[in-house]
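Colleague: Protein chains in written order, with the working numbering: chain A, 90 to 469; chain B, 15 to 390.
Hints listed in this document are in silico derivations from the structure and should not be mistaken for laboratory results. Even for Gly, the Cβ is constructed at its ideal location relative to N, Cα and C. Treat the hints loosely; a few may be bogus.
Unchecked claim - Pairwise CB distance ranges (calculated):
| id | chain 1 | residue 1 | chain 2 | residue 2 | range |
| --- | --- | --- | --- | --- | --- |
| 1 | B | Ala-90 | A | Leu-460 | 44 to 52 Å |
| 2 | B | Val-198 | A | Ala-378 | 51 to 59 Å |
| 3 | B | Arg-348 | A | Leu-272 | 57 to 65 Å |
| 4 | B | Lys-174 | A | Ala-378 | 43 to 51 Å |
| 5 | B | Leu-97 | A | Lys-425 | 26 to 34 Å |
| 6 | B | Trp-173 | A | Ala-271 | 41 to 49 Å |
| 7 | B | Gly-353 | A | Leu-272 | 55 to 63 Å |
| 8 | B | Pro-288 | A | Asp-347 | 53 to 61 Å |
| 9 | A | Arg-177 | B | Lys-174 | 54 to 62 Å |
| 10 | A | Arg-177 | B | Ala-259 | 26 to 34 Å |
| 11 | B | Val-198 | A | Glu-171 | 50 to 58 Å |
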Amino acid sequence: MLQAAFSNIPAMIVLTGALVGIAASLVGTFLVLRRNAMLSDAISHSIVFGIVVVWLLTHQQSGPVQIIGAALTGLLTVFLTELLVSSRKVKNDAAIGLVFPVLFALGVLLLNLYARDVHIDTHTVLLGEIGFVWLKTVGIFGLDVPQAVVWMSVITLVNAAFVIFFFKELKLTTFDPQLAQALGFAPTVLFYALLALTSITAVGAFDAVGAVLFIAFVIIPPAAAYLLTDRLVAMLVIAALIAIASSVGGYVLAVHLDVSIGGMMAVMTGAFLAVAFLFGPRYGLVAQAYRSWTQRYADEVRALVVHLYDHEDTAARDEENVTTALREHLSWAPHKASAVLARGLSQGLILREGKVLHLTNRGRDAAHDLLEPWRRYRTG
Amino acid sequence: MLELLTDHTVQNVMVAAVFLGITAGVLGSFAVLRQQSLLGDTLAHAALPGVCLGFMIAGGRELGAILGGALMTAIAAALLMLLLTRRSRLKTDAALGVALSFSFAVGVVLLTHIQGTPNASQGGLDSFLFGQAAATLRSDLWVMGAIMIAALALVGVFWKEFKLVTFDPSFAGAIGLPVVLLDVALTTMIALAVVIGLQMVGVVLMASMVIAPAVAARQWVNRLEHMVLLAAAVGVVAGVAGALASALGRNLATGPLIVLAASAIVLVSILAAPGRGVLWEQLKRWRDRRALRGRQVLATLYELAAHHRDPRFPAEIGALDAYHGLHTQTALERLERQGLVRRASHMPDEDLHWTLTDRGHAAARRVLADVEAEAR
Chain A
90 MLQAAFSNIP
100 AMIVLTGALV
110 GIAASLVGTF
120 LVLRRNAMLS
130 DAISHSIVFG
140 IVVVWLLTHQ
150 QSGPVQIIGA
160 ALTGLLTVFL
170 TELLVSSRKV
180 KNDAAIGLVF
190 PVLFALGVLL
200 LNLYARDVHI
210 DTHTVLLGEI
220 GFVWLKTVGI
230 FGLDVPQAVV
240 WMSVITLVNA
250 AFVIFFFKEL
260 KLTTFDPQLA
270 QALGFAPTVL
280 FYALLALTSI
290 TAVGAFDAVG
300 AVLFIAFVII
310 PPAAAYLLTD
320 RLVAMLVIAA
330 LIAIASSVGG
340 YVLAVHLDVS
350 IGGMMAVMTG
360 AFLAVAFLFG
370 PRYGLVAQAY
380 RSWTQRYADE
390 VRALVVHLYD
400 HEDTAARDEE
410 NVTTALREHL
420 SWAPHKASAV
430 LARGLSQGLI
440 LREGKVLHLT
450 NRGRDAAHDL
460 LEPWRRYRTG
Chain B
15 MLELLTDHTV
25 QNVMVAAVFL
35 GITAGVLGSF
45 AVLRQQSLLG
55 DTLAHAALPG
65 VCLGFMIAGG
75 RELGAILGGA
85 LMTAIAAALL
95 MLLLTRRSRL
105 KTDAALGVAL
115 SFSFAVGVVL
125 LTHIQGTPNA
135 SQGGLDSFLF
145 GQAAATLRSD
155 LWVMGAIMIA
165 ALALVGVFWK
175 EFKLVTFDPS
185 FAGAIGLPVV
195 LLDVALTTMI
205 ALAVVIGLQM
215 VGVVLMASMV
225 IAPAVAARQW
235 VNRLEHMVLL
245 AAAVGVVAGV
255 AGALASALGR
265 NLATGPLIVL
275 AASAIVLVSI
285 LAAPGRGVLW
295 EQLKRWRDRR
305 ALRGRQVLAT
315 LYELAAHHRD
325 PRFPAEIGAL
335 DAYHGLHTQT
345 ALERLERQGL
355 VRRASHMPDE
365 DLHWTLTDRG
375 HAAARRVLAD
385 VEAEAR
């Protein structure tokens, strides 16, 4: 039964993709919130150097040595970047862009020199081969489980454990690093730990999706989640759900269109981001437009109410507080004037008596509130 | 060597490297100064789907179409990034990352789509990932040259505007310059530089070609005019050095070599640029520390003399060492060479003694006056 599941090729591919996505978005959430998203770009590129060096030394393409090598390379990248920044000769963004190409270039040259015809060619390095994850299996409890699934499960669990155990610390260092420092939480150590985990996740995901697509899994699901919620826990959960959905949807589409599975999964994360960007409940474009639209409507009614209030007890009342005056004095187009009037009437702020417009008590209160808001507090 | 230079392929690669170096250096200067260094990285990755689209439309590996497509999608990615930063709560870094990885993913999908279709000449597309300088044709050079001239002409025409937008965008906006338009223009031009580099160094390493020459040049000069020229020169040197090394060496890829050459120049510049370099800073710090020690010793001798009401009071070196908690011999010898102190006569069984000269008294008074002025 279980073995059937582990031998089901599509299931294993989708599972690998989902695990990569979950593990990546767990760390990615904090990178995005800390405004260090591009460090994942740097790490995922320079990790190529680490993978090649470890491969040349041990001839192991995955496993514990590669994991350690990856963590060290990631930390080396960040360390070199910070070193450049601390010399105050180079800004942070330029430093990132200087360090990772060097490591990547060294990795490519080493491949050129020593590994012309081996499995890790430069193509795989960038694109991954998630479609072939089922080829390499390991036996666990008498079951044949794809290696990638095993490794990504372990890495996902480690990342999840890190986030759960250090949730308070991560939250504090992310949102208020100064306070974290003052309270003695060692934000730098936590930051480096986060980046080490990012590197490890990158090397775990490397065979499946390659160096560049990995960035999509780190940044895009958390970015989409960030557009949907203000709560950290919700952001982590939503990002993970998006990662899972992208894996499933990406697989189906990729098979249907006969294109790269990993690529399609990454494209799907982008689709979810687009949806969040457009239709997010509070920050989405549609919600923003709706808010400014209702705001404008409310403002128009307010303008009408204030206009009526201004001239309520004056001699000019019969001239000002009539429908035609709205066109001339507020210079509203006829259809707009009647629309605003209709809204004022239906909201019970205005009464019409023949041609003349009167404020109701509620309308007068509304005008009071706008013109002399302090009264509310004085009279209680 | 001469043989190498007359080789057609090598000649092509060299000329392409020169074009790339000039364009990337000049436009990279603006990107780095505007703190948009990673924009080059994003645009380079975003060129991949355009390469594929160009290939699909032209039906073959035709450089004009491919570079045109690359330019289009790179600009689209830049606009996507602008849209995300302006109209959502995502910050620049996340927006750059989203545009980069999403565009690249689309590129990968298109690439595999093309590879799934029967087309004889599809093999060359992979080369745009890492660049394949040796595949540069004479006709490609015309395309690259034209792009370079277009980019340089734009910089020349809008020099003043670009300069202002780079250093003081709010002032530029205040005097009525179309800041957004200039922003878009500069971004587009970085896309031009990226597009030239595709063939040479590929999408992944292009970030370095935009950043490295500009950062290196920035260390040596302070004026934008000089920086742009120097960055172009650095770009050319790195490009030619990388191309030559690749032609001479054991079939090493040109792109990584060019990037390493440029990065080496950056390293040297950061360390050794006169006045600004890290080594110079260290040297200055060392000199300052030495001068400070001299002044301290001078002040101590002066205070001792005043305390003992004897302007020629001989102070014992051991006492001076103990007082300062460090070795004062070298500092005293330096002061002696400046004629501020001299060795006092002393008994053979005693340690060396030092006393202030008249000039030393004057110098010590100046030091103490300085200290007092600073304290106030």
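Colleague: Evaluate each hint against the coordinates.
Modeller: Each hint tested on the structure:
Hint check: Ala-90 (chain B) to Leu-460 (chain A), Cβ distance near 49 Å, so the stated range 44 to 52 Å holds. Separated by about 24 Å at the C-beta atoms, Val-198 (chain B) and Ala-378 (chain A) break the suggested range of 51 to 59 Å. The given range of 57 to 65 Å is broken by Arg-348 (chain B) and Leu-272 (chain A), whose C-beta atoms sit roughly 48 Å from each other. Our hint of 43 to 51 Å for Lys-174 (chain B) and Ala-378 (chain A) is violated, since their Cβ atoms are close to 38 Å apart.
At about 31 Å, the beta-carbon gap between Leu-97 (chain B) and Lys-425 (chain A) stays in the expected band of 26 to 34 Å. Restraint check, Trp-173 (chain B) to Ala-271 (chain A): a C-beta distance of roughly 48 Å satisfies the suggested window 41 to 49 Å. For the hinted restraint 55 to 63 Å between Gly-353 (chain B) and Leu-272 (chain A), the CB-CB distance of approximately 57 Å keeps it satisfied. Take Pro-288 (chain B) and Asp-347 (chain A): their Cβ atoms lie about 59 Å apart, and the range 53 to 61 Å holds.
Our hint of 54 to 62 Å for Arg-177 (chain A) and Lys-174 (chain B) is violated, since their Cβ atoms are close to 29 Å apart. As the Cβ distance of Arg-177 (chain A) to Ala-259 (chain B) is approximately 32 Å, the hint placing it in 26 to 34 Å holds. Taken as a hint, the range 50 to 58 Å is violated for the pair Val-198 (chain B) and Glu-171 (chain A), whose Cβ atoms sit roughly 33 Å apart.
Of the hints listed earlier, those the structure fails to meet are numbers 2, 3, 4, 9 and 11, in rising order.
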